[in-house]
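Participant: One line per chain: the protein sequences are A and B, in this order. Following our numbering, the numbering of the first sequence begins with 1 at its first residue and continues without gaps. Following our numbering, the numbering of the second sequence begins with 1 at its first residue and continues without gaps.
Hints are computed from structural coordinates only; laboratory data are not their basis. The model shown is predicted, which means the values in this text are computed figures rather than measured ones. It is possible that some hints are incorrect.
[What the hints assert, rightly or not] Computed, partial: chain A to chain B, Cβ under 8 Å:
hint : residue
1    : Lys-36
2    : Phe-45
3    : Ser-52
4    : His-75
5    : Gly-106
6    : Thr-110
[Stated by the list, open to error] Okay, the calculated beta carbon distance ranges per label pair:
hint : chain 1 : residue 1 : chain 2 : residue 2 : range
7    : A       : Val-84    : B       : Lys-9     : 36 to 42 Å
8    : B       : Lys-9     : A       : Gln-58    : 38 to 44 Å
9    : A       : Lys-56    : B       : Gly-3     : 24 to 30 Å
10   : B       : Asp-38    : A       : Val-84    : 44 to 50 Å
11   : B       : Thr-20    : A       : Met-5     : 30 to 36 Å
12   : B       : Thr-77    : A       : Ile-7     : 31 to 37 Å
13   : A       : Met-5     : B       : Glu-62    : 37 to 43 Å
[Stated by the list, open to error] As a list, the in silico DSSO-like pairs of lysine-lysine whose alpha-carbon atoms are at most 30 Å apart:
hint : chain 1 : residue 1 : chain 2 : residue 2
14   : A       : Lys-70    : B       : Lys-57
15   : B       : Lys-57    : A       : Lys-56
16   : B       : Lys-70    : A       : Lys-70
Ideal Cβ placement from N, Cα and C applies to all residues, glycine included.
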Amino acid sequence: GQQVMQIPQYQHVQEGEDFTTYCNSSTTLSNIQWYKQRPGGHPVFLIQLVKSGEVKKQKRLTFQFGEAKKNSSLHITATQTTDVGTYFCAGPYSSGSARQLTFGSGTQLTVLP
Amino acid sequence: DGGITQSPKYLFRKEGQNVTLSCEQNLNHDAMYWYRQDPGQGLRLIYYSQIVNDFQKGDIAEGYSVSREKKESFPLTVTSAQKNPTAFYLCASSNKRGPTDTQYFGPGTRLTVL
Numbered sequence: 001g002q003q004v005m006q007i008p009q010y011q012h013v014q015e016g017e018d019f020t021t022y023c024n025s026s027t028t029l030s031n032i033q034w035y036k037q038r039p040g041g042h043p044v045f046l047i048q049l050v051k052s053g054e055v056k057k058q059k060r061l062t063f064q065f066g067e068a069k070k071n072s073s074l075h076i077t078a079t080q081t082t083d084v085g086t087y088f089c090a091g092p093y094s095s096g097s098a099r100q101l102t103f104g105s106g107t108q109l110t111v112l113p
Numbered sequence: 001d002g003g004i005t006q007s008p009k010y011l012f013r014k015e016g017q018n019v020t021l022s023c024e025q026n027l028n029h030d031a032m033y034w035y036r037q038d039p040g041q042g043l044r045l046i047y048y049s050q051i052v053n054d055f056q057k058g059d060i061a062e063g064y065s066v067s068r069e070k071k072e073s074f075p076l077t078v079t080s081a082q083k084n085p086t087a088f089y090l091c092a093s094s095n096k097r098g099p100t101d102t103q104y105f106g107p108g109t110r111l112t113v114l
């Protein structure tokens with residue numbers, strides 16, 4: 001089946017430093033999604049990338065989708081304490097008529113003040 | 001939030017007891033999902049349903065059961081056959097007819113089996 005791998009598993013940064021998490025799929029994806037889960041909370045959808053080589057920005061967050069549509073990255077510039085949480089990538093997977101998402105294992109970001 | 005509710009937020013049960021976790025959505029979404037999350041881990045799919053009265057096993061269905069009698073509701077039963085049931089359980093829904101598979105999550109239920 002489809003596998004989605006994320007690195008690193010954990011990342012500690014000083015506030016103001018940059019942060020990047022990487023996501024790799026074993027299969028070509030029609031799209032890739034990113035979610036954020038705050039400590040003690042639930043995953044919240046951040047963004048979806050669809051096109052090969054696509055780059056999208058949300059304030060200090062930059063998302064990229066690889067040319068081969070098998071990898072993606074999330075980069076945060078000048079981290080803040082509000083960025084703390086676990087970031088998951090997810091790719092859609094179809095089995096017959098059923099559609100589901102395969103989630104990466106997540107990168108847990110800690111921002112030290 | 002986002003129109004998905006899960007109850008209760010915290011649940012304690014004795015070993016050997018079955019327990020049912022509630023999930024309700026008012027987003028008019030066709031598809032609903034149950035995930036299990038262990039500390040420091042990602043999301044593992046337990047069961048999913050694309051339409052009323054139909055559901056499929058996910059990656060870790062053993063020891064769990066579900067029903068989908070109404071579009072709005074997708075309860076999950078953790079049976080005594082589940083060997084390690086203590087975990088954080090997340091319910092999600094998505095609009096199968098939409099152009100994306102974006103999932104909207106409920107607040108989750110933390111189950112502790114004593």
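Participant: Does the Cβ pair A:Lys-56, B:Gly-3 satisfy 24 to 30 Å?
Facilitator: 25 Å, holds
Participant: Quick check on a hinted range of 44 to 50 Å for B:Asp-38 and A:Val-84, using CB atoms only.
Facilitator: Once the Cβ atoms are compared, 20 Å apart, the range 44 to 50 Å for A:Val-84 and B:Asp-38 is violated.
Participant: CB of A:Val-84 to CB of B:Lys-9, is that within 36 to 42 Å?
Facilitator: 21 Å, violated
Participant: Given A:Phe-45 as an interface hint, is its Cβ closer than 8 Å to any Cβ of chain B?
Facilitator: Holds, because the Cβ-Cβ distance from A:Phe-45 to chain B comes to roughly 5 Å (cut-off 8 Å).
Participant: Are the Cα atoms of A:Lys-70 and B:Lys-57 separated by 30 Å or less?
Facilitator: 26 Å, holds
Participant: Against the range 30 to 36 Å, how does the distance between the Cβ atoms of B:Thr-20 and A:Met-5 compare: consistent or not?
Facilitator: 34 Å, holds
Participant: Sort out whether A:Lys-56 lies within 30 Å of B:Lys-57, counting only the CA atoms.
Facilitator: 34 Å, violated
Participant: Does the CB of A:Gly-106 sit less than 8 Å away from some CB of chain B?
Facilitator: Holds, because the Cβ-Cβ distance from A:Gly-106 to chain B comes to roughly 5 Å (cut-off 8 Å).
Participant: Given the hint of 31 to 37 Å, is the C-beta distance from B:Thr-77 to A:Ile-7 inside that range or not?
Facilitator: 36 Å, holds
Participant: Does the Cβ distance between A:Met-5 and B:Glu-62 fall inside 37 to 43 Å?
Facilitator: 24 Å, violated
Participant: Any CB of chain B closer than 8 Å to the CB of A:Lys-36?
Facilitator: 11 Å, violated
Participant: Would you settle whether the hint for A:Ser-52 is holds or violated, based on the nearest Cβ-Cβ distance to chain B being less than 8 Å?
Facilitator: 17 Å, violated
Hint check: violations occur at hints 1, 3, 4, 6, 7, 8, 10, 13, 15, 16; the rest are consistent with the structure.
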